[in-house]
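Numbering (our numbering), first residue to last: 1 to 589.
Hints are not guaranteed to be accurate.
[Claimed, not checked] Derived EDC-like pairs: lysine to aspartate or glutamate, alpha-carbon spacing no greater than 20 Å straight-line:
#1 Lys297 - Glu184
#2 Lys527 - Glu551
#3 Lys255 - Asp335
Think of the hints as simulated: they come from the structure by calculation, not from any bench.
Remember, it's a predicted structure, so these values are computed and weren't measured experimentally.
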Amino acid sequence: MFTMGLAGLLACGGGNGRDDGLVLGSPSDQLVRVSMAVRGVRPSIAEIERIEDDPDALPDLVDEWMHSDAFGATIRDMWAEVLLLRNDTFNQLPAVGDLEGYQLDDMYQGTVEEPLRFIEHVVMTDRPFTDIVTASDMMTGDVTARIYGVPYDFALGGWQLSSWPDARPKAGILSSAQVWRRWESDGSNFNRGRANMVASRLLCEDFESRDILVDGGVNVADEQAVADAVQDRADCVTCHQALDSMSAYFWGYKKLIHRNYVADSHREYGCAFDWTDGNTPEFGPSYLPEDYCYPIKQYNPADEDDWLLWDLRAPSYYGTPARDLSEVGQLIADDPRFSQCMARTFFGYLSQTDPDEVPFDIAVDLQARFEDSGFDARSLVHDVVTHPAFLAVRSEEAEHPVAGLKTVRPEQYARAVQALTGYRWMSEADPPSCDSPGRSDVQRFGTQCWGAVDLSVSDVYGFRSMAGGVDGKVIVTPTHNPTPTKTLTMSVLASDAAGRVVDTDFALPPAERRLLRLVEADTLSEKAVREQLAWLYLRILGERVKPNGDEVSASLQLYKVGLQQRGDAPGAWKLTISALLQDPRMMFW
Numbered sequence: 001m002f003t004m005g006l007a008g009l010l011a012c013g014g015g016n017g018r019d020d021g022l023v024l025g026s027p028s029d030q031l032v033r034v035s036m037a038v039r040g041v042r043p044s045i046a047e048i049e050r051i052e053d054d055p056d057a058l059p060d061l062v063d064e065w066m067h068s069d070a071f072g073a074t075i076r077d078m079w080a081e082v083l084l085l086r087n088d089t090f091n092q093l094p095a096v097g098d099l100e101g102y103q104l105d106d107m108y109q110g111t112v113e114e115p116l117r118f119i120e121h122v123v124m125t126d127r128p129f130t131d132i133v134t135a136s137d138m139m140t141g142d143v144t145a146r147i148y149g150v151p152y153d154f155a156l157g158g159w160q161l162s163s164w165p166d167a168r169p170k171a172g173i174l175s176s177a178q179v180w181r182r183w184e185s186d187g188s189n190f191n192r193g194r195a196n197m198v199a200s201r202l203l204c205e206d207f208e209s210r211d212i213l214v215d216g217g218v219n220v221a222d223e224q225a226v227a228d229a230v231q232d233r234a235d236c237v238t239c240h241q242a243l244d245s246m247s248a249y250f251w252g253y254k255k256l257i258h259r260n261y262v263a264d265s266h267r268e269y270g271c272a273f274d275w276t277d278g279n280t281p282e283f284g285p286s287y288l289p290e291d292y293c294y295p296i297k298q299y300n301p302a303d304e305d306d307w308l309l310w311d312l313r314a315p316s317y318y319g320t321p322a323r324d325l326s327e328v329g330q331l332i333a334d335d336p337r338f339s340q341c342m343a344r345t346f347f348g349y350l351s352q353t354d355p356d357e358v359p360f361d362i363a364v365d366l367q368a369r370f371e372d373s374g375f376d377a378r379s380l381v382h383d384v385v386t387h388p389a390f391l392a393v394r395s396e397e398a399e400h401p402v403a404g405l406k407t408v409r410p411e412q413y414a415r416a417v418q419a420l421t422g423y424r425w426m427s428e429a430d431p432p433s434c435d436s437p438g439r440s441d442v443q444r445f446g447t448q449c450w451g452a453v454d455l456s457v458s459d460v461y462g463f464r465s466m467a468g469g470v471d472g473k474v475i476v477t478p479t480h481n482p483t484p485t486k487t488l489t490m491s492v493l494a495s496d497a498a499g500r501v502v503d504t505d506f507a508l509p510p511a512e513r514r515l516l517r518l519v520e521a522d523t524l525s526e527k528a529v530r531e532q533l534a535w536l537y538l539r540i541l542g543e544r545v546k547p548n549g550d551e552v553s554a555s556l557q558l559y560k561v562g563l564q565q566r567g568d569a570p571g572a573w574k575l576t577i578s579a580l581l582q583d584p585r586m587m588f589w
């Protein structure tokens, strides 16, 4: 069954085209790699046959795939990882007040997807990708609309274009509620984390990567000492001159919005407070309890100049004056560092390479093409996945930072398995106690029920980070290597999916089945079983083999073991399909 192994995978395409020492995979190998990168699904048999008939058809297939929902999902997955937004282990905003009746997964999906849906919209509607930092509109669902008072047609439902109703400067994701709720600024951070996120994720200029030695140190527990040091000490000024000037643009956003603020504002204060007793609110100056009631007041123009209270630097974009984040967004869009960073980011994500390690010549070439296309993200993706370095399975010369096998991401594996089998790895229902009115957390925060959870893309209940993904808070770098937990996670999902598809397929007419189209539940003919196995190799692994070939013979032995152990053909098929779904060619491409 596992006759190919890693050595065989590495040898794929050994005699194929070379570009500066790069050994490219065969046309069918390239088809699988690009399909998985762009869509997260295996190519169909029709697509395999198309590439067999015309090895030059790949660019046209890429163009077709980039109009699919699966490609839109890939864009969301990518930017969730870049911006570290999908962090379901972080306490969700409570389903109280206007949000009563929603479950916690509704709250999670309805908030975290807000900026991701906007980025997807920009890409899928062929808007210039600079719109992600300059646009005046945004995307909202019903949850975000209720939380922040965003205009929304509840009768229509779904995700809709809208605009922020408050005074925040409009600048694409730089105006996003969820971006600045995720990238909070507590204590004496003074919005520096937010500024560094912009610099590192949008310009590939990470302030934290700079080597700075502060002689004698600074008492970081003293906010005023920190504020003074970044102004007066030369070893601090080097970095903070640009960082603090960028940070100054974010003072209008609340430092943080935690669930206890929202819950207490509703439950304890009733969304109002009598200030006649002279008490200072625990939320901080100008942060009133009613600000945290739905709809939350996230942005307050009165706070925009609070950097003056700490005698910090005036706002500017690397020394260039800008009135607010709208002007900053335009400066970012015009900054050549942005276009090169996007070239590195897209190439890095799709090829599973650290953006900083993308070879300079590749980054510059992709940057020029990206700019010439009018910042068309689909054009950039096309150039990435058809680049020889992306398609190379190895390099004949020195070790190459890009060439080599790619490891399936948890989101990709889940999508591929679902496309093949129709199975989605969902959790069981919440226990009845999750909504018990006697629980103190329910009394304070409202429901603690999550509802159904996709275990492949969840960390609070699922196995995303165990399978190599990120959790957005603690695990912030994906693992692109095989690990025991990744293999274990895949094996459980594969086993469950195989069991479901076999039962489902044999209950349907052959033409409507997903995988078992050439056999029935009582078929024991070796010839028929071999033909079905060869078809499964093509459909699942993208490899054309002969029914009487060695690969099929190896799988037939596994099938016979299944017959022996499980007593019938459906049981044997469950074992065999489960093994195919765990084949190294499913994990590596």
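Structure-based check of each hint:
no., hint, in the structure
1, Lys297 - Glu184, "holds (15 Å)"
2, Lys527 - Glu551, "holds (15 Å)"
3, Lys255 - Asp335, "violated (28 Å)"
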